[in-house]
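K.L.:
If you read the sequences in order, they're chains A and B.
Just so we're aligned, residue 0 is where the first sequence starts under my numbering, counting upward by one.
Just so we're aligned, residue 60 is where the second sequence starts under my numbering, counting upward by one.
Rather than coming from a laboratory, the hints here were simulated on the basis of the structure.
Some chain A residues judged to face chain B by a derived CB distance under 10 Å, without partners named:
1) Phe19
2) Leu127
3) Tyr143
4) Leu167
5) Ala170
For each residue, glycine too, the CB sits at the ideal point set by N, CA and C.
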Amino acid sequence: MHKDEKQWARQAQEGNADAFSNLVVAYQKQVFSVCYRMLGTPTAAEDAAQEAFIRAYKAIDSYDVERSFATWVLSIASNYCIDQIRKRKVTLLSMDNEKYGWLAPPAQDPTPERSLVEKEKQAQVHALLETLSETDRAAIVLQYWHDFSYQEIAEALSLTVSAVKSRLFRARKTMAEEWQKEPLVPQVTHIPSERIAHESPTL
Amino acid sequence: MNHQPYETWILLETKLDAEQEREYYQHLRTCSQCRRLAQAQREIEHLFATSPAPYPQPGFTSRWKERLAKVEEGRKNFATWIMLSVLTLAFLFTLVGLSLQIISRAEYFPQLIAVAISQAARWFNLLTSLENFFSPVLRVGIKLIPQSWILAFIFSLSGIVTTWVITLSKNSISFNKEVTG
Chain A
0 MHKDEKQWAR QAQEGNADAF SNLVVAYQKQ VFSVCYRMLG TPTAAEDAAQ EAFIRAYKAI
60 DSYDVERSFA TWVLSIASNY CIDQIRKRKV TLLSMDNEKY GWLAPPAQDP TPERSLVEKE
120 KQAQVHALLE TLSETDRAAI VLQYWHDFSY QEIAEALSLT VSAVKSRLFR ARKTMAEEWQ
180 KEPLVPQVTH IPSERIAHES PTL
Chain B
60 MNHQPYETWI LLETKLDAEQ EREYYQHLRT CSQCRRLAQA QREIEHLFAT SPAPYPQPGF
120 TSRWKERLAK VEEGRKNFAT WIMLSVLTLA FLFTLVGLSL QIISRAEYFP QLIAVAISQA
180 ARWFNLLTSL ENFFSPVLRV GIKLIPQSWI LAFIFSLSGI VTTWVITLSK NSISFNKEVT
240 G
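All chains, full assembly: derive it from the sequences and hints.
P.N.:
In structure tokens:
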């Protein structure tokens with residue numbers, strides 16, 4: 000953990016909301032990423048990420064500054080998302096524009112072809128994650144995209160290390176089986192046929 | 060065909076020693092199911108590694124601050140409502156209690172009035188007796204105390220009161236500055 004972040008966490012524990020805002024700036028992408036992978040839509044992810052930070056702010060007194068803030072806040076975010084999925088049974092693969100209309104960092108301004116590839120990849124990722132239970136999904140998200148160890152996943156999701164291994168094994172097997180089924184994801188976007196003919200023959 | 064421990068090795072990315080690795084590849088050569096599983100696992104890992112990282116829209120922190128302010132305001136409003144509700148309930152209970160008392164004692168109301176008057180008269184008599192007792196003591200006492208002591212006492216008292224007023228006014232000014240600042 001960065002020295003400044005420890006300082007911010009300590010100041011936040013003393014009631015300094017601005018110090019906590021610095022932590023929000025530093026960790027917003029990671030928290031948003033977990034929520035997006037878990038819930039599947041940017042709107043739901045934004046709401047969940049905001050709520051996760053609110054919960055973290057309220058519980059900042061219980062945070063041990065000697066431990067990783069990322070692990071702590073991502074644990075809050077993933078548990079919140081698990082609760083949300085259980086409550087609302089969020090469907091990951093509803094084919095609405097809201098979901099696939101927004102995927103990459105806005106500043107990157109990808110080319111249409113690249114954008115299409117990224118959308119398809121994102122759709123495949125969501126299709127795979129959708130096959131998993133909410134806890135298995137959280138374990139996979141924390142391990143693949145946030146490099147959590149088995150121990151960290153166990154602590155974040157209140158499981159034993161052996162339960163985490165068992166869940167990861169089952170989740171990967173489910174995803175591998177889904178992956179072998181063709182096609183995994185329906186076509187998510189359409190590009191004009193003349194564009195296909197002239198610019199992207201492989202598509 | 061038995062696929063263990065090869066499935067576990069594939070799916071949990073187990074680190075293998077040289078002997079296990081040789082055994083693993085030998086199994087893959089003969090088992091198409093494990094081969095497909097390993098291939099799928101590799102492809103999924105590649106997909107996850109190359110899928111674009113989702114980013115929140117700009118202004119995330121500002122939106123979070125607004126949300127926090129709303130939450131805090133809601134919490135304060137809730138506390139105020141709780142306090143008001145408790146006070147209202149307490150007031151209502153007192154009112155109901157008093158009404159019940161009055162209703163239950165309605166037939167004895169004239170006696171109650173008489174008791175109250177006699178009690179008040181007793182207190183008045185007590186105060187008069189105390190005044191009668193202390194007045195001569197004070198009149199004589201004042202004459203016995205030296206005049207310089209009385210002056211010193213009056214000066215000290217006014218000094219203490221002045222200091223107290225100045226301190227209070229200073230505290231009030233600094234508090235106002237903190238609030239407005």
